[in-house]
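Residue numbers (the numbering used here), protein chains in the order written: chain Y, 412 to 666; chain D, 412 to 666; chain R, 412 to 666; chain P, 412 to 666.
Because the hints were derived from the structure by calculation, they are not lab data. It is possible that part of the hints are untrue.
Put simply, identical chains are the same to the list, so a pair is met inside one copy or across any two.
The calculated PhoX-like cross-link candidates involving lysine-lysine, where the alpha carbons are at most 20 Å apart (straight line), are [to be verified]:
no.	residue 1	residue 2
1	Lys538	Lys640
2	Lys414	Lys584
3	Lys640	Lys584
4	Lys538	Lys632
5	Lys419	Lys636
6	Lys584	Lys419
On a predicted model such as this, the values are computed, not experimentally measured, just so you know.
There are 4 protein chains.
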Amino acid sequence: MVKIIERKIRDVEPLENAILVEGLPGIGHVGRIAAEHIVREFKGEKFLELYCYDFPPQVLVNEDGTVEFMNNEFYIIREPIPMIVVLGNTQALSPIGQYYLAEKLVEIGIKYGAKMTYTLGGFGVGKITDVPKVYAAATSKELAEKLKEYGVEFRKDGGGIVGAAGLMLTFSKLNGIEGVCLMGETPGYLVDPKSARAVLEKFSKIVGFEIDMKELEERAKEMEKFLEKIRKFEEEVMMQQQPKPPSDEDLRYIG
Amino acid sequence: MVKIIERKIRDVEPLENAILVEGLPGIGHVGRIAAEHIVREFKGEKFLELYCYDFPPQVLVNEDGTVEFMNNEFYIIREPIPMIVVLGNTQALSPIGQYYLAEKLVEIGIKYGAKMTYTLGGFGVGKITDVPKVYAAATSKELAEKLKEYGVEFRKDGGGIVGAAGLMLTFSKLNGIEGVCLMGETPGYLVDPKSARAVLEKFSKIVGFEIDMKELEERAKEMEKFLEKIRKFEEEVMMQQQPKPPSDEDLRYIG
Amino acid sequence: MVKIIERKIRDVEPLENAILVEGLPGIGHVGRIAAEHIVREFKGEKFLELYCYDFPPQVLVNEDGTVEFMNNEFYIIREPIPMIVVLGNTQALSPIGQYYLAEKLVEIGIKYGAKMTYTLGGFGVGKITDVPKVYAAATSKELAEKLKEYGVEFRKDGGGIVGAAGLMLTFSKLNGIEGVCLMGETPGYLVDPKSARAVLEKFSKIVGFEIDMKELEERAKEMEKFLEKIRKFEEEVMMQQQPKPPSDEDLRYIG
Amino acid sequence: MVKIIERKIRDVEPLENAILVEGLPGIGHVGRIAAEHIVREFKGEKFLELYCYDFPPQVLVNEDGTVEFMNNEFYIIREPIPMIVVLGNTQALSPIGQYYLAEKLVEIGIKYGAKMTYTLGGFGVGKITDVPKVYAAATSKELAEKLKEYGVEFRKDGGGIVGAAGLMLTFSKLNGIEGVCLMGETPGYLVDPKSARAVLEKFSKIVGFEIDMKELEERAKEMEKFLEKIRKFEEEVMMQQQPKPPSDEDLRYIG
Numbered sequence: 412m413v414k415i416i417e418r419k420i421r422d423v424e425p426l427e428n429a430i431l432v433e434g435l436p437g438i439g440h441v442g443r444i445a446a447e448h449i450v451r452e453f454k455g456e457k458f459l460e461l462y463c464y465d466f467p468p469q470v471l472v473n474e475d476g477t478v479e480f481m482n483n484e485f486y487i488i489r490e491p492i493p494m495i496v497v498l499g500n501t502q503a504l505s506p507i508g509q510y511y512l513a514e515k516l517v518e519i520g521i522k523y524g525a526k527m528t529y530t531l532g533g534f535g536v537g538k539i540t541d542v543p544k545v546y547a548a549a550t551s552k553e554l555a556e557k558l559k560e561y562g563v564e565f566r567k568d569g570g571g572i573v574g575a576a577g578l579m580l581t582f583s584k585l586n587g588i589e590g591v592c593l594m595g596e597t598p599g600y601l602v603d604p605k606s607a608r609a610v611l612e613k614f615s616k617i618v619g620f621e622i623d624m625k626e627l628e629e630r631a632k633e634m635e636k637f638l639e640k641i642r643k644f645e646e647e648v649m650m651q652q653q654p655k656p657p658s659d660e661d662l663r664y665i666g
Numbered sequence: 412m413v414k415i416i417e418r419k420i421r422d423v424e425p426l427e428n429a430i431l432v433e434g435l436p437g438i439g440h441v442g443r444i445a446a447e448h449i450v451r452e453f454k455g456e457k458f459l460e461l462y463c464y465d466f467p468p469q470v471l472v473n474e475d476g477t478v479e480f481m482n483n484e485f486y487i488i489r490e491p492i493p494m495i496v497v498l499g500n501t502q503a504l505s506p507i508g509q510y511y512l513a514e515k516l517v518e519i520g521i522k523y524g525a526k527m528t529y530t531l532g533g534f535g536v537g538k539i540t541d542v543p544k545v546y547a548a549a550t551s552k553e554l555a556e557k558l559k560e561y562g563v564e565f566r567k568d569g570g571g572i573v574g575a576a577g578l579m580l581t582f583s584k585l586n587g588i589e590g591v592c593l594m595g596e597t598p599g600y601l602v603d604p605k606s607a608r609a610v611l612e613k614f615s616k617i618v619g620f621e622i623d624m625k626e627l628e629e630r631a632k633e634m635e636k637f638l639e640k641i642r643k644f645e646e647e648v649m650m651q652q653q654p655k656p657p658s659d660e661d662l663r664y665i666g
Numbered sequence: 412m413v414k415i416i417e418r419k420i421r422d423v424e425p426l427e428n429a430i431l432v433e434g435l436p437g438i439g440h441v442g443r444i445a446a447e448h449i450v451r452e453f454k455g456e457k458f459l460e461l462y463c464y465d466f467p468p469q470v471l472v473n474e475d476g477t478v479e480f481m482n483n484e485f486y487i488i489r490e491p492i493p494m495i496v497v498l499g500n501t502q503a504l505s506p507i508g509q510y511y512l513a514e515k516l517v518e519i520g521i522k523y524g525a526k527m528t529y530t531l532g533g534f535g536v537g538k539i540t541d542v543p544k545v546y547a548a549a550t551s552k553e554l555a556e557k558l559k560e561y562g563v564e565f566r567k568d569g570g571g572i573v574g575a576a577g578l579m580l581t582f583s584k585l586n587g588i589e590g591v592c593l594m595g596e597t598p599g600y601l602v603d604p605k606s607a608r609a610v611l612e613k614f615s616k617i618v619g620f621e622i623d624m625k626e627l628e629e630r631a632k633e634m635e636k637f638l639e640k641i642r643k644f645e646e647e648v649m650m651q652q653q654p655k656p657p658s659d660e661d662l663r664y665i666g
Numbered sequence: 412m413v414k415i416i417e418r419k420i421r422d423v424e425p426l427e428n429a430i431l432v433e434g435l436p437g438i439g440h441v442g443r444i445a446a447e448h449i450v451r452e453f454k455g456e457k458f459l460e461l462y463c464y465d466f467p468p469q470v471l472v473n474e475d476g477t478v479e480f481m482n483n484e485f486y487i488i489r490e491p492i493p494m495i496v497v498l499g500n501t502q503a504l505s506p507i508g509q510y511y512l513a514e515k516l517v518e519i520g521i522k523y524g525a526k527m528t529y530t531l532g533g534f535g536v537g538k539i540t541d542v543p544k545v546y547a548a549a550t551s552k553e554l555a556e557k558l559k560e561y562g563v564e565f566r567k568d569g570g571g572i573v574g575a576a577g578l579m580l581t582f583s584k585l586n587g588i589e590g591v592c593l594m595g596e597t598p599g600y601l602v603d604p605k606s607a608r609a610v611l612e613k614f615s616k617i618v619g620f621e622i623d624m625k626e627l628e629e630r631a632k633e634m635e636k637f638l639e640k641i642r643k644f645e646e647e648v649m650m651q652q653q654p655k656p657p658s659d660e661d662l663r664y665i666g
């Protein structure tokens, strides 16, 4: 057993007919950025913290001299639709820890009224795409078919969904509720607000709410500028290299 | 303790005098292919799923947008002979997880009427053989002697049987029943229906049933064609290389 | 669960309004040296030993033919101020073990009267500094502000505090008491009494006691001499190398 | 918790004033060879098997088609002196597993009458010695002093005793009995009956029994012959190489 401590922050009434939304750190931090935006925009209230004995054995140090504990946090949102959102600065480290944590996350979601689980994440494709696609996977065929109407894609790579985003679907099924994972296409080596925006756009349509994207769009634009710089830099490097083909002399020194 | 969740799919009456058959993923997927063929041909009914907290912490994604959970599945077969068959898409990851899982697999087998365990697997030999041998190992000397009459071989390599195929023999013994592992010779780096066919042939004779091998033979033939292509390709490569022995010049550049 | 055995060495009355001080092995052994000095100078009495099943699976061998067990030890100090000090020759090995151990260390501290936790450690900076700075991190903003008055610094590296020194802050907070980590700047690749002295100086001012530093100063001086030797040696090596710039001939042989 | 199954082989009366002797696999298999010799010569009766869930997840395959389970075995010896001997084909894999196993081994020893623990092992020195020394380490100063009278040495390397041979001393102490580890000097890369013989010689004198060493001496002689061959081979290789110092030409091809 991997021990998980629940630290109640405030008493809250369970919701009715809520959805459980997961946005823990992962590829491109896509899910985390999207879920944090939801909590910020809809003024989610933190009501519970989880401390798992399989989190990294450390605290983080802030610049103001305080420490930040490794934990997962539950936020409650009542409007525009009832949501329980899980954020955090880490996932569990070992396979077994990940199972115990995902089980606990779903159990708490259900305890506070969730009737359906949405996990948000990134799908690493190794390159930058102009308009990131959003992929979906669901715990039932009917659900998958319904999702397709919202313009999401199905993955054909035969791979998996690793960590909480995947295992929370397993524990949703085992606890009698359905689950969906939405994955934004992302390079995988960059924090990616643009992909988070794409995921959030689909997600808000699927579950039925409107959300101000301004702040996310600004972060996405900043990212674009940064990427533009990289692209230019790479072009320049290539320009400088091209006119000068390697001489025999050069080749001699190649190890 | 490594937690294992049992998810009942349907109620079934325990069998009388059944055998427990294991075909989880392993070397060349020999055991898995053989056991899946048995379940398909004899129309085994799935009645139980196991979710072990030491399975890979993920779900797999299907092309139709659904997810596939990591689990082990129990099938019941009444005819031609009573069998409890374990299939699945994974084994446990850690040594401890493998012990807990093998213990559970045997306990469930016995609960549903198994009086003897057969684990099916591959024995990796690193090369392709025309007629794959079938090796056997048993939990008692008498059993081993009896098996020899069916033309199986005994391994002389002093090695082990790793994973569920080995540990289910340990837990069979600890629970008072005997066990046998049948291992088909296989290269180890290829999914090997031919070896699975060889194992199934011996197995069906030993436990006494007849089974249609057509589908397995077709898969074996496809594999043969594929191997033939590889062989030809390798020959061609060797032909092209042979006439040109390495010159001093070449040797100079070898790092 | 990771089992931890408590071995009582003597019965002691719990203290009132004590502080819990941790000095387990870590970077530069800064915390360990500082805490050991406190126990020695104030004649701390050992009253409890902990044996954690996630300590290194071994005993150490002393030159007199006795063995030294891997454990953590609790010392009680009544004067000049009430303190519970944790020393030891190891920390737990795995993340999970570190959580269970830190939890136990804090629980015992509280049981014996601790109302506040101080963990002492090193902050590895990769180079030798003449006057090592002391960094602090605290479980609350107010505490951090108060610490600043004592001339400690706040880290700006965005990193963490790993092991007992970090996790004991987590479990202090979870058990309703505050905690502070003091970290002495240290190269990271040397046992560092000088940094321990710097930490102890700040610590004694913060919690309000005076302590004789003579022995620690001597160890620091010995370290200085050793470092001086290294510096001279490096200078000589550089002097010998400088007058001889690499020739083309030399370059040819560089791999 | 790491589960350990006890499988009783026969009922035995607990001994009075017995010693617990450990000879599990380790460096040079010194302890195992020595303890197996004791069991063989004194016709020890196996009465208990342990199956630990942290043993290698496998069974071994014998040439007669039977499997050998991974386990630890307890033997009881009444004459010449009462002994409980632990043999086996493996130790636990993980640190935590090693703690749980060592705890169980000592508890069973005490349950069957042990008042003192002797663990037998090798001390790897990286080279072959003509007369292997025997090192000792004990759980008390008095014990160590007494051992010295038997001509054992104390290690000065500041290292540890890893695994059951070390941890069984820890759990002996925690359970109120004393313990000694005897370590035979051994190269570390060879199974070493000669070192086992040296350990057994000291051990038999210390605890007070006489034992026929013939079989062990024969194995040691065979080992000597084997080593002699290696020495000759190495000499020949060196002879052939010596007259031919590397030429500039040779040096050019060294990568």
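Against the structure, the hints come out as follows:
Taking CA atoms no more than 20 Å apart as the test, Lys538 paired with Lys640 passes inside one copy only; the shortest distance there is 16 Å, against 34 Å between copies. Taking CA atoms no more than 20 Å apart as the test, Lys414 paired with Lys584 passes between copies only; the shortest distance there is 17 Å, against 23 Å inside one copy. In this homomeric assembly, Lys640 and Lys584 never come within 20 Å of each other (Cα to Cα): the closest approach is 45 Å inside a single copy and 44 Å across copies. Proximity of Lys538 and Lys632 under a CA criterion of 20 Å is satisfied intra-copy only: 18 Å inside one chain copy versus 39 Å between copies.
In this assembly of identical chains, the alpha carbons of Lys419 and Lys636 never lie at most 20 Å apart, being 41 Å within a copy and 54 Å across copies at closest. Taking identical chains as interchangeable, the C-alpha atoms of Lys584 and Lys419 lie at most 20 Å apart only when they sit on different chains, with a minimum of 13 Å there against 26 Å within one chain.
Consistency with the previously given hints fails for numbers 3, 5, ordered from lowest to highest.
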